[in-house]
Amino acid sequence: MPRFLTRIFLCALLAPGLRAQQTEVVLSATSSAKLVLAMTTPKATGLDDATVAAQFTAVLKKDLDETGVIAMLQERLPADGAPAKAWKEAGAQWLLNTKLTKAANGDLQMEASALDTAAEKGVFSRTYNANRIVPLRYLAHYLADDLVGRLTGEKGVASSRIVFVRQTSPGVKEIFQVDRDGAGLVQLTRHGSLTLSPTLATDGRLAYVTYKGGAPEIWGQRKKDGPHEKLYPVSGAGGMLTSPVWSPDGKRLAFVQGDRRGNSDIMVLDLSSLRARRLTDSNGINTEPCWNPNGNQLAFTSDREGGPQVFLMQDDGSNLRRLTGEGLYNASPAWSPNGAMLAYVSRFEGKFDLFVYKLGEGKAYQITTGVSTSESPAWSPDERRLVFTSNRFGSSQLFTTDLSGRQILRLMELAGCQSPRWIRGR
Amino acid sequence: MRYGTYLVPAAIVITLGSLACKPPKTAEQIKQETQAAFNEGAQAFKDGKARTTNPYLADKDNPHKMQGWNDGWDAAKAEKEAADKAATDKAAADRAAAEARAAADRAAAEEAARKAAEAEKAAAFKKAADAALLTIHFDFDKSEIKEKDRAILQGIADFMKAFPVAKVEVEGHCDERGTNEYNLALGNKRAAAALAYLKTLGVDEARFTTISYGKEKPICAEAKEGCWSQNRRGEFKLK
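Just so you know, the protein sequences line up as chains Z and E, in that order.
Residue 385 in this note's numbering is what sits at position 385 of the first sequence, and the numbering runs on without skipping anything.
Just remember that this note's numbering sits 1000 ahead of the position in the second sequence, which is counted from 1.
Check each hint, because a few of them may be wrong.
What the hints assert, rightly or not - Reference listing, derived: stretches of chain E covered by chain Z, where coverage requires no fewer than 3 residues with Cβ under 8 Å from a Cβ of chain Z:
{"id": "1", "segment": "1122-1136"}
{"id": "2", "segment": "1211-1220"}
{"id": "3", "segment": "1224-1233"}
To be verified - The list that follows gives simulated cross-link-like pairs (lysine-lysine, DSBU-like), each with its CA atoms no further than 35 Å apart:
{"id": "4", "chain 1": "E", "residue 1": "1060", "chain 2": "Z", "residue 2": "223"}
{"id": "5", "chain 1": "Z", "residue 1": "212", "chain 2": "E", "residue 2": "1126"}
{"id": "6", "chain 1": "E", "residue 1": "1237", "chain 2": "Z", "residue 2": "351"}
None of these hints come from the bench; they were simulated from the model.
We put the beta carbon where it would ideally sit given N, CA and C, even for glycine.
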C-alpha cells in the first residue's frame, strides 16, 4: 500500500513535467478535419533534383496524404520564397521547409521545420542524421511520422513494416516483409515448405508455423534479431499446430493445437518455462487467438455453437463470452492496439467482408462492402487503418483501408499474399 | 746290349705299372662324371627303375657316381612329386572355383526371383493402394462423412486389412473461402472424421497419421463452386 501510494505520488509529480515537454496537440485523433500542409521544394546539397523529387518529395507527399490527418496543398502554390501570408492565402495552414545534405561519405542530414502560416510561428523543427545505409525515402517516412506525432500526439506509421506470407511455388509459402509504402520487399524465411501464420512481438521477434519437417512446428526467435529456432513442440510430434501470437509483453505465445479427434484448442506457451497450458476445453474448433493490449484477455474463433463465431475469454480461460451476434460465419478477430475495437471478417451472401466491433458501443460496423472477398485484417500500429488480403484484382493481394472503408489502397502488385501483420519500424 | 737288358724289363715294369695304378682323376672329371651319373639317375627314375638299380652301388672306386646317380633319381622324383602336387592343387582350386561360381549363380537366381517376387508384391501393393486410397469430399464448413464416400472408406479399410504393413496419412483440405487459420482447424476436423470412420470399420487407428493443410494446398484454383467442391477433400497417402 505505501509503495502504491509512492507510485501515485511520483506519477503526479512526473506527469505535469512530461506534459510540459510535449507541445500542444493540434488535432484530436478522432477529429475528421485534416490539416492543410504545403511544402516548399527541398533545398538539396550533394543530391540531384531528380533523386530528391522521386525518393523524397514524392514519398513524403504520399506518406502525408495517407496519414488521414494531413491534406497536401497541391494547386496554386506560391513561389518557394513567398511570405507566410501568401501561403496562408493559398490555403496552407502549415508550411514545411526541408534542407537535405548528402556528405562526401554518403551520410545524410535533413533539417525540417514547419511554420504555422496564420500565427507566423514555428510549430515543428527537427534535424535528422542518417548514415549512408539508410535510404533517402526513410528520411521522408521519419519526417511524416514526426509531423503526425506533432499534430495528433501519436507518431505516424509511414516507417512501419508489414510482414506476410506469400506463395513462392505450389505447396511452398515463405514469410516476407515490405515497407508500408510497398517498397523494400525482403524474404524472411527460406524453409522451402509451407510456412504460415507469422506473428511479431513488439520488439520485432518473429514466430510462425512451418511444415518443413512434414508435420507443422512453431518456429521463431527467442531473442531480438536472434536465429529462427523451433519453439514448439519441445519434443516429439505436436499434431496440428497453427496461429502462434506473441503476448503484448513478448513473454508468452498463444497458439492452437489440434488433436486426433478433430478438436483444436487455444494454448498458451510460457517462453521461459516452456510450459504450455490449454485454455479451451476440446469442444470443436477453437482457433485464431489474439491478445488484448493488456495481455489479460484473448479473442478467438470457435464453432462450439455451430458455425464460426468470435468469443472472448480471460488469459486463464475463464469468463468466456460470445462477441459476434449476427451472421453465420464470423472469424479472424484482431484486437486494436488501444483495445477498444476488434476487427474481424464476416461472411454475408457468399462474400467475406471486414467489420469492426466497437467494444464501448457493443456494435459492429462494416468496413468493406461485398465487391469481392476481404480477409485477414490486421491493425496499423496507430489504429487508423487495417491491412487485409483481397482478391478484388485477382489472386489474393495486400490492401489497406481506413476505418470508413472509403480509402482502400493496394499495398503492392504481388499475388498470392496472405496473413499480413503490421508493426512499427522504429 | 747291356742297356737293353735293363731297359726292356724297366719298360715292361713301367708299362704294367702304369696300367695297374691309373693316375688320380681331376676335379673337372669328377664333376662331369657326377653330372653324367645324375642324368642317368634322373633318366632311370623317369624310366620307372627303382632306386636300388643304381649301377654304381658296387663301384667302390667312384662313390661320386653312386651319389650323383642317387641325387639324379631323387631330384627327378621330387620334381615329379612337385608337379603332381601342383596338378592336384590346381584341380582342387578349379573345382572350388567352379563350385563358387555355381553357388553365386544360384544365389543370383534366387535373389532375382526374390526381387521379382518383391516387385510383384510391391506392384500389387501399389495397385491395391492406388485403387483403394481415393479422395473423399466434404460440404462447405462441414466435416461429416458423406453417404457416397462410405464405399471409399470401406475400400481403404479393406486395403489396410489386406496389407497389414500399410501405414497411411490422412490429409484434410478446404476450399479457399474462410480464413487460413480456421480452415487449418477445419482440415484437422475433416481428417479426424475420416479417421474416426475408419476406426469403426475395424482398422487400428495407430496405423494412421493425420495432417491438415487447410486451404494452403488447393488442387483447383478458380473461384467457383466446381473448383471449391474439389478442394474440400480428404486425401489418403501411403507413409
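Structure-based check of each hint:
{"no.": "1", "hint": "1122-1136", "in the structure": "violated (count 0)"}
{"no.": "2", "hint": "1211-1220", "in the structure": "holds (count 6)"}
{"no.": "3", "hint": "1224-1233", "in the structure": "violated (count 0)"}
{"no.": "4", "hint": "E:1060 x Z:223", "in the structure": "violated, 112 Å"}
{"no.": "5", "hint": "Z:212 x E:1126", "in the structure": "holds, 27 Å"}
{"no.": "6", "hint": "E:1237 x Z:351", "in the structure": "holds, 33 Å"}
Checked against the numbered hints above, the structure violates hints 1, 3 and 4; every other hint is satisfied.
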